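Listed below are the residues making up each chain.
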Amino acid sequence: MRPLDEAETTAVFSKLFKFIGPNLKSLIEAESHEVTTSAENSSRYCFRLHKNRVFYVSEYLVKRATNVSRKNLVSLGTCIGKFTKGGSFHLTVQALGIMAPHAKRKVWVKPTSEMSFLYGNHVLKGGLGRITEGINPGDGVVVFSMSDVPLGFGVAAHSTQDCRKLDPNANVVLHQADIGEYLRMEDDL
Amino acid sequence: MIFPPFLSSSPRHRNPPPPPQNPLLEPAAFKAPFLLRHHQNPTPELAASNPQVEYMVALKSKSKLKGGQAHKSPPKKKLKNDLFAKKQSKNDDLLDESEGMSEDIEEQEDFSDGEMEGQSDSGSEASSGDDDPLADDFLQGSDDEGDVSDGDEDSDSGSDSDGVDPEKLSRALDVERARVEREARDELQLNIKQESDEFRLPTEEELEEEALRPPDLQNIQRRIAEIIGVLSNFKALKQDGVRRKDYVEQLKRDLASYYGYNDYLIGVLAEMFPPVELKELIEGFEKPRPVCLRTNTLKARRRDLADVLINRGVNLDPLAKWSKVGLVVYDSQVPIGATPEYMAGYYMLQSASSFLPVMALAPQEKERIVDMAAAPGGKTTYIAALMKNSGVIFANEMKEARLKSLTANLHRMGVTNTIVCNYDGKELPKVLGHNTLDRVLLDAPCSGTGVISKDESVKTSKNLEDIQKCAFLQKQLILAAIDMVDANSKSGGYIVYSTCSIMVAENEAVIDYALKKRDVKLVPCGLDFGKPGFVRFREHRFHVSLEKTRRYYPHVHNVDGFFVAKLKKMSNAKAPSSTTLESVDPESMLDDESNEEKTEVEHQHNQTKDRQDNSMEKRKAEENGHARNDKPKSLSGPKNAEKRKRENEPEEGRKLAVKKNREKENGHGKSDKARSRPGPKEKKKQHFSKGKESSKIREEEKKEFRKKKAANKKGK
Numbered sequence: 001m002r003p004l005d006e007a008e009t010t011a012v013f014s015k016l017f018k019f020i021g022p023n024l025k026s027l028i029e030a031e032s033h034e035v036t037t038s039a040e041n042s043s044r045y046c047f048r049l050h051k052n053r054v055f056y057v058s059e060y061l062v063k064r065a066t067n068v069s070r071k072n073l074v075s076l077g078t079c080i081g082k083f084t085k086g087g088s089f090h091l092t093v094q095a096l097g098i099m100a101p102h103a104k105r106k107v108w109v110k111p112t113s114e115m116s117f118l119y120g121n122h123v124l125k126g127g128l129g130r131i132t133e134g135i136n137p138g139d140g141v142v143v144f145s146m147s148d149v150p151l152g153f154g155v156a157a158h159s160t161q162d163c164r165k166l167d168p169n170a171n172v173v174l175h176q177a178d179i180g181e182y183l184r185m186e187d188d189l
Numbered sequence: 001m002i003f004p005p006f007l008s009s010s011p012r013h014r015n016p017p018p019p020p021q022n023p024l025l026e027p028a029a030f031k032a033p034f035l036l037r038h039h040q041n042p043t044p045e046l047a048a049s050n051p052q053v054e055y056m057v058a059l060k061s062k063s064k065l066k067g068g069q070a071h072k073s074p075p076k077k078k079l080k081n082d083l084f085a086k087k088q089s090k091n092d093d094l095l096d097e098s099e100g101m102s103e104d105i106e107e108q109e110d111f112s113d114g115e116m117e118g119q120s121d122s123g124s125e126a127s128s129g130d131d132d133p134l135a136d137d138f139l140q141g142s143d144d145e146g147d148v149s150d151g152d153e154d155s156d157s158g159s160d161s162d163g164v165d166p167e168k169l170s171r172a173l174d175v176e177r178a179r180v181e182r183e184a185r186d187e188l189q190l191n192i193k194q195e196s197d198e199f200r201l202p203t204e205e206e207l208e209e210e211a212l213r214p215p216d217l218q219n220i221q222r223r224i225a226e227i228i229g230v231l232s233n234f235k236a237l238k239q240d241g242v243r244r245k246d247y248v249e250q251l252k253r254d255l256a257s258y259y260g261y262n263d264y265l266i267g268v269l270a271e272m273f274p275p276v277e278l279k280e281l282i283e284g285f286e287k288p289r290p291v292c293l294r295t296n297t298l299k300a301r302r303r304d305l306a307d308v309l310i311n312r313g314v315n316l317d318p319l320a321k322w323s324k325v326g327l328v329v330y331d332s333q334v335p336i337g338a339t340p341e342y343m344a345g346y347y348m349l350q351s352a353s354s355f356l357p358v359m360a361l362a363p364q365e366k367e368r369i370v371d372m373a374a375a376p377g378g379k380t381t382y383i384a385a386l387m388k389n390s391g392v393i394f395a396n397e398m399k400e401a402r403l404k405s406l407t408a409n410l411h412r413m414g415v416t417n418t419i420v421c422n423y424d425g426k427e428l429p430k431v432l433g434h435n436t437l438d439r440v441l442l443d444a445p446c447s448g449t450g451v452i453s454k455d456e457s458v459k460t461s462k463n464l465e466d467i468q469k470c471a472f473l474q475k476q477l478i479l480a481a482i483d484m485v486d487a488n489s490k491s492g493g494y495i496v497y498s499t500c501s502i503m504v505a506e507n508e509a510v511i512d513y514a515l516k517k518r519d520v521k522l523v524p525c526g527l528d529f530g531k532p533g534f535v536r537f538r539e540h541r542f543h544v545s546l547e548k549t550r551r552y553y554p555h556v557h558n559v560d561g562f563f564v565a566k567l568k569k570m571s572n573a574k575a576p577s578s579t580t581l582e583s584v585d586p587e588s589m590l591d592d593e594s595n596e597e598k599t600e601v602e603h604q605h606n607q608t609k610d611r612q613d614n615s616m617e618k619r620k621a622e623e624n625g626h627a628r629n630d631k632p633k634s635l636s637g638p639k640n641a642e643k644r645k646r647e648n649e650p651e652e653g654r655k656l657a658v659k660k661n662r663e664k665e666n667g668h669g670k671s672d673k674a675r676s677r678p679g680p681k682e683k684k685k686q687h688f689s690k691g692k693e694s695s696k697i698r699e700e701e702k703k704e705f706r707k708k709k710a711a712n713k714k715g716k
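Chains A and B supply the protein sequences, listed in that same order. Numbering of the first sequence is given in the working numbering, commencing with residue 1 and proceeding in unit increments. Numbering of the second sequence is given in the working numbering, commencing with residue 1 and proceeding in unit increments.
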């Protein structure tokens with residue numbers, strides 16, 4: 001487990017920025033409450049790299065985890081994504097937990113096409129319930145159900161205005177990750 | 001009266017059967033034996049003692065003998081009467097007798113006015129209602145007879161109703177009564193013999209035959225039920241010459257073949273439960289427990305979740321009053337493990353028994369906690385939810401294959417304060433440090449005998465060796481768990497040990513071992529339901545505080561078989577202190593008090609001199625599940641009375657006694673299949689009850705030693 005170096009940090013932050021925009025700052029500077037005594041100042045969160053996975057953990061947890069040897073450590077805090085062999089960074093569905101509250105651009109999906117998205121399909125125009133304004137193509141978007149349950153995230157295919165003019169079978173959001181992966185692809189996470 | 005064909009063919013039975021009777025009023029012969037005893041035939045003695053009955057009997061006969069037709073209808077009406085009389089009399093038992101009697105009389109009058117001489121009948125019928133039907137029956141019997149053999153009397157009485165000779169009549173009636181009673185008794189004997197024949201155990205030949213044929217399940221089931229019946233009322237129902245043991249053996253064999261268990265497991269279960277409960281337990285294992293889920297309080301509330309799931313078409317209910325987050329699912333239109341809510345981490349599918357150890361652990365916020373066998377993560381996520389994502393949880397899992405599901409569950413449920421590591425539980429103290437944590441949860445790997453309903457292969461695959469291996473592993477793990485906890489932690493210092501097994505060797509024995517090896521004590525689990533653990537079991541004698549542990553059974557609590565124990569670490573010292581341990585009976589208490597000082601001194605003495613001997617002893621002893629003192633005169637219990645006497649008498653140094661001890665140990669040749677790892681030497685307390693004489697002698701000797709040691713110490 002080690003802190004991210006420059007290149008890695010930029011990769012991670014740029015990806016996150018796509019989804020949560022300026023709220024990234026609050027994410028980085030968030031204070032954790034995982035302390036045992038009140039005398040100690042609450043520690044901040046940081047990112048750590050371990051076996052090509054990036055974890056978002058509080059510093060307090062990181063200190064504790066240094067006891068565990070590299071071979072035996074499996075996970076810390078929240079995993080937000082992993083680096084591929086080629087060196088690029090992909091966000092995984094586990095990042096949804098920290099992204100959903102800070103998401104800038106949101107898409108709400110109708111109940112009928114919830115399950116379709118959870119199977120890994122893209123969001124179609126026919127399944128679109130609501131969409132925030134000001135989306136540009138290629139922006140990161142977090143997908144919610146109508147009852148505000150975060151379902152996953154993806155990339156917007158069209159801008160908000162264009163979406164209104166699309167025919168029902170066109171893609172609105174290109175799927176990147178969804179919570180169905182917990183069941184479908186448990187081993188790959 | 002309808003007589004069955006096997007009855008003796010006395011003349012009166014050849015008569016055409018009378019009108020169908022109320023079964024309550026059937027003659028005594030057909031009543032069950034116990035009824036017969038209660039509702040005695042009005043024997044001559046009884047009639048004599050109860051003048052009312054006799055009078056009534058006489059009157060009835062008079063009324064019947066009067067007219068051929070007349071006596072047929074009264075019986076019917078009389079039936080109703082007697083029915084009511086009987087019912088009334090039953091009620092009367094609750095009410096005041098006199099009141100009842102009067103009520104009886106009133107009712108009787110209503111009925112009997114029309115049909116017969118109302119004056120005396122009602123009065124006489126108001127007498128014990130129990131006697132009435134019999135008297136009636138008897139009369140009817142005699143009536144039949146009267147038709148045939150007492151035709152003379154009929155004509156006589158018919159001609160002169162008032163001139164009937166009551167003496168003659170009553171004599172004849174007495175004779176009849178006696179005969180009926182005799183015959184009834186004979187029939188009873190016949191009946192009993194017939195019934196008891198059915199409980200006969202199969203002979204060896206029959207068993208061999210059965211073994212050849214494919215198993216006849218119905219027959220086996222019936223035999224199981226019968227044997228249980230016999231065992232419940234052994235004295236009365238047993239076959240002559242057959243011991244209880246034979247019945248139990250046959251029961252075990254039948255249960256094993258009917259339900260598919262191996263002999264070892266059935267034997268162990270039969271040792272733990274009486275026959276009726278044994279059958280209930282095994283039946284309980286056959287059925288699956290209901291599916292439960294736990295609301296993830298980090299993300300949702302139970303009420304809201306229940307609403308959402310009900311909308312989806314799931315039929316659920318709150319689990320039990322002891323859980324605020326549990327829900328039990330009866331049935332569901334959608335797969336309960338694949339709803340969007342499940343995937344969003346709003347709930348977790350868990351068995352109800354898995355709630356219990358976490359509830360016992362009661363983790364507080366901002367604590368440091370370890371879950372030593374965490375996969376697939378149900379309990380870990382519950383702990384995190386209770387802690388509200390504060391503090392730290394170390395979730396350890398030894399098997400790599402299960403790690404994936406653990407991490408996936410943790411992330412799905414939104415747990416952020418967890419470190420997942422992949423260690424062998426025994427190494428965890430080295431990694432995380434001794435005396436560093438607030439609480440530890442050890443849900444130990446076990447034989448799984450409590451979850452047979454989930455995994456049927458346990459029925460056939462578990463043997464004594466498996467249980468012993470599991471027990472050995474669990475003992476090591478619990479010591480590791482205890483070592484990690486900081487006894488001085490402000491809010492904690494607790495270890496919860498739980499297994500999904502009901503074997504004593506894996507549960508109480510392990511806790512007892514921990515109590516002896518470390519400075520811990522048992523505290524109440526905080527679970528108000530569940531059976532207390534065993535303090536004694538067959539030859540084992542455990543620490544008396546083991547009654548604070550809890551056992552759960554499927555047939556009692558409708559959860560999987562489970563065991564939970566909560567320990568509190570008293571100090572970080574490796575040795576158990578004398579004050580924490582209590583003994584089983586007051587005699588040894590006396591010894592303990594006198595021993596306190598002395599044993600601490602002895603303890604050090606022991607360590608330096610007799611390390612090897614004692615460790616050998618202890619290891620053997622521990623593996624055999626017995627409590628043994630490291631003092632030489634520790635061999636207590638009935639088996640070692642001789643040894644004790646031999647050792648107590650000579651007032652020798654401890655070394656000699658220890659040597660003797662060792663010789664005997666080696667002589668007995670107890671093989672220890674698995675040795676405990678060389679732990680620190682501790683003083684042990686005697687738990688067995690001692691003979692008074694030997695304990696007194698020992699006391700004296702110990703006092704002497706104490707003085708000597710104290711003197712030595714002071715000298716140093």
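In short, the hints are calculated from the structure, not lab data. What you are looking at is a predicted structure, and each value in this text was computed from that prediction instead of being measured. Glycine residues also receive a C-beta, built at the ideal position from the N, C-alpha and C atoms. Some hints could be false.
Chain A side only, calculated, beta carbon under 7 Å to chain B, not exhaustive [claimed, not checked]: (1) T66; (2) N67; (3) N72; (4) L124; (5) G126; (6) D167.
Derived SDA-like pairs: lysine to any residue, alpha-carbon spacing no greater than 20 Å straight-line [as the list claims (entries may be wrong)]: (7) K63(A) <-> K299(B); (8) K63(A) <-> T84(A); (9) K110(A) <-> G313(B); (10) K299(B) <-> R70(A); (11) K399(B) <-> R70(A); (12) K430(B) <-> K104(A); (13) K404(B) <-> L183(A); (14) K71(A) <-> K366(B); (15) K104(A) <-> N72(A); (16) K15(A) <-> G134(A); (17) K299(B) <-> E59(A); (18) K71(A) <-> M398(B); (19) K71(A) <-> F83(A); (20) K82(A) <-> S405(B); (21) K299(B) <-> G180(A); (22) K63(A) <-> K404(B); (23) K404(B) <-> T132(A); (24) K404(B) <-> E59(A); (25) K366(B) <-> P101(A); (26) K71(A) <-> R402(B); (27) K51(A) <-> P429(B); (28) K15(A) <-> T84(A); (29) K568(B) <-> H434(B); (30) K404(B) <-> K104(A); (31) K106(A) <-> F47(A); (32) K71(A) <-> G313(B); (33) K63(A) <-> P429(B).
When the structure is checked against the list of hints, which entries are broken? Sort them ascending.
1, 4, 5, 6, 7, 8, 10, 12, 14, 15, 17, 22, 23, 24, 25, 27, 30, 31 and 32
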